[in-house]
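First to last, the protein sequences are chains A and B. Numbers 1 to 308, taken from the working numbering, label the letters of the first sequence in order. Numbers 309 to 616, taken from the working numbering, label the letters of the second sequence in order.
Fair warning: there could be bad hints in the mix.
As the list claims (entries may be wrong) - Interface residues of chain A toward chain B, partial, derived using beta-carbon atoms under 7 Å:
#1 G138
#2 F144
#3 V153
#4 L161
Stated by the list, open to error - Counterexamples of contact, computed for chain A against chain B with all Cβ distances above 12 Å:
#5 K7
#6 D56
#7 S217
#8 V219
#9 P227
#10 L295
#11 S298
Claimed, not checked - Which chain A residues stay away from chain B? Per the calculated CB distances, all over 12 Å, these:
#12 L17
#13 P58
#14 N69
#15 G73
#16 P142
#17 D271
Derived by calculation from the structure, the hints in this document are not laboratory data. Remember, it's a predicted structure, so these values are computed and weren't measured experimentally. Here a beta-carbon is modelled for each residue, glycine too, at the ideal position from N, C-alpha and C.
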Amino acid sequence: MLSYTLKRLLQAIPTMLIVITISFFLMRIAPGGPFDGERALPPEIEANLMAAYHLDEPLPMQYLRYMGNLLQGDFGPSFKYKDFSVTELIMQGFPVSLEIGGLAILLALLLGLPLGVIAALKRNSTIDYLVMGTALAGIAIPNFVIAPILALVFGVLLAWLPAGGWNGGALPNLVLPVAALSIQQVAYIARMMRASMIEVLGSHYIRTARAKGLAESQVIWRHALRPALLPVTSYLGPAVAGIITGSVVIEQIFGIPGIGRYFVQGALNRDYTLVMGTVVFYGALIVLMNLLVDLIYSALDPQIRHDD
Amino acid sequence: MTTDPLSYDGDRHATADDLGPDAAPAAGESLTRDAWRRLKQNRAAMVSLVMLIVITLTCLFGPYVLPWGLSEVDWNAFTASPSLEGGHFLGTDANGRDLLTRTLYGGRVSLSVALVASLVSLVIGVLYGAISGYLGGRVDNVMMRFVDIMYSLPFMFLVILLMVVFGRNILLIYAAIGAVEWLDMARIVRGQTLALKQREFIEAAHALGVRDSRIVTRHLIPNAIGPVIVYVTLTVPKVILLESFLSFLGLGVQEPLTSWGVLISEGTDMMQSAPWMLLVPSVFLAATLFCLNFLGDGLRDALDPKTR
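So here's chain A without its partners, still in its complex pose (with noise of 0.2 Å):
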């Protein structure tokens, strides 16, 4: 197991260094600079500035330079907020993306496996069909349509919660965003649950436990959940790029203070450390996210061994 994960981690290593590299040369070919402002500044500062920031260098000495500051965790300096570090940045936003983003992973899991699971076992019914029905809603309905429609009504119509704003993390500023957020991933986990649960519910060996008088909620809690599981474990990867990425999103449209607000004004603002800081960071989650995902699946599935 330790000697896959360490496998794993070490393949992760070219993928970084594409994106970083990708995102750095990017940078450098992008029109315009750090230090454009309304006015141009005198050659003699401007000739220093780029001193202090080393830009006067040649490039493949500044990209090992990027790569050596990003060992540390480095981000460098942003273009716009002038007083701040994109790694200051980051970590101001993360734990606010952090905790909308794990809500909504969370709420995820324990909406969709009970539905997955109760569309399977009721199959063909009305129950089945709501659940499959609103599902395939959810999954043509992208998100950014679902998170102005909750606000409109929920926040503005009902006025039950507010329509946005942050307010510290306080529960009722929760609600919509991390709804919004998880709407699309309950569909897929829910779609997902049920197809799985109707295949093992169909094999040999449920028959058998059935056909040694086991109790029906036996057969389901013991024999038919934990292979039923598999293909979603494996689906997660891709659900926390997809809660990443609608994050970028929803916390625009709520105003929620995380990276992906960062990331979308710095966009726009042609900030471009912080968008490239943004890029490599969400990168590392990602591909992170996913190792995690296939060391979870492997403890799940005894076919898997890494032993060697």
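Starting from the known structure of chain A, arrange chain B on it as the hints suggest.
What follows is chain B alone, placed relative to chain A:
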């Protein structure tokens, strides 16, 4: 160019009636006709198909029928609610522009992005997958490892980075989205190719001395087309979603052009005073995505030999 018998043979394989590895035995039904018959029995898929055609035709010809232009301002109707008397059937936006007209123009952009980007991903994916599968061995290994690495990249963010650096340009959107979505297609086509290349007609072509490039383009690709069609219908909604996502964030198409994502984003800002600005483009987008999903599912059932 001299015509050898083989090129004729190649053409025969490329005809529309010859879509699968099991296609057209003399007495039986061709795969296309069989699939079409099965698709016609699927009511949800047929309704979706009709709806899609209606939406497409409306977007194409509707603007010619409506009295308003894309950017034409009605000075008597700022933020007018939907009404039949005023001539603005679905209301106007904050600048007094007819919302139905803008939604239809936006639909043209969204649908054209879907079409072109899907086509780009189709061409790259099919060629890449067919070459990789056909050559096999070490080349296949390297090519597929490359796909694996691409899979683990946080593409959404790299696309956004591209838009930030190169500016918002509709051609770039076509290319960037197409370049993101070809990976699954490459895998599917490679799998098909691996199975097909064992078959006699490929061997026969070899024996007759047909060039590799010709075998790939004339014999392998046309015969792998069934799963490819299914996958394209599933790619189109993803592409529409991606474009809307980018446009929603303000990184997609630019004024004077508009798209459903742009309109939804404008509607989100105005949803308290003018909810129709959010609802109208959302309904168009959601309906299109719904129908594409249904149609894709139906096509998969119709073309999948396993469900026969």
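How the hints compare with the structure:
1. G138: violated, 11 Å
2. F144: With Cβ-Cβ at 5 Å, under 7 Å, it holds.
3. V153: Not OK, violated: V153 of chain A not within 7 Å of chain B, min 10 Å.
4. L161: Violated. Min distance 15 Å.
5. K7: Holds: least Cβ distance 14 Å, greater than 12 Å.
6. D56: D56 of chain A is indeed farther than 12 Å from all Cβ atoms of chain B, at 22 Å.
7. S217: holds, 33 Å
8. V219: holds, 28 Å
9. P227: holds, 21 Å
10. L295: holds, 15 Å
11. S298: holds, 17 Å
12. L17: violated, 10 Å
13. P58: Holds, because the least Cβ-Cβ distance between P58 of chain A and chain B comes to about 21 Å, which exceeds 12 Å.
14. N69: holds, 19 Å
15. G73: holds, 19 Å
16. P142: Check fails; 5 Å does not lie beyond 12 Å.
17. D271: Given that some Cβ of chain B is not farther than 12 Å from that of D271 of chain A, nearest at about 9 Å, it is violated.
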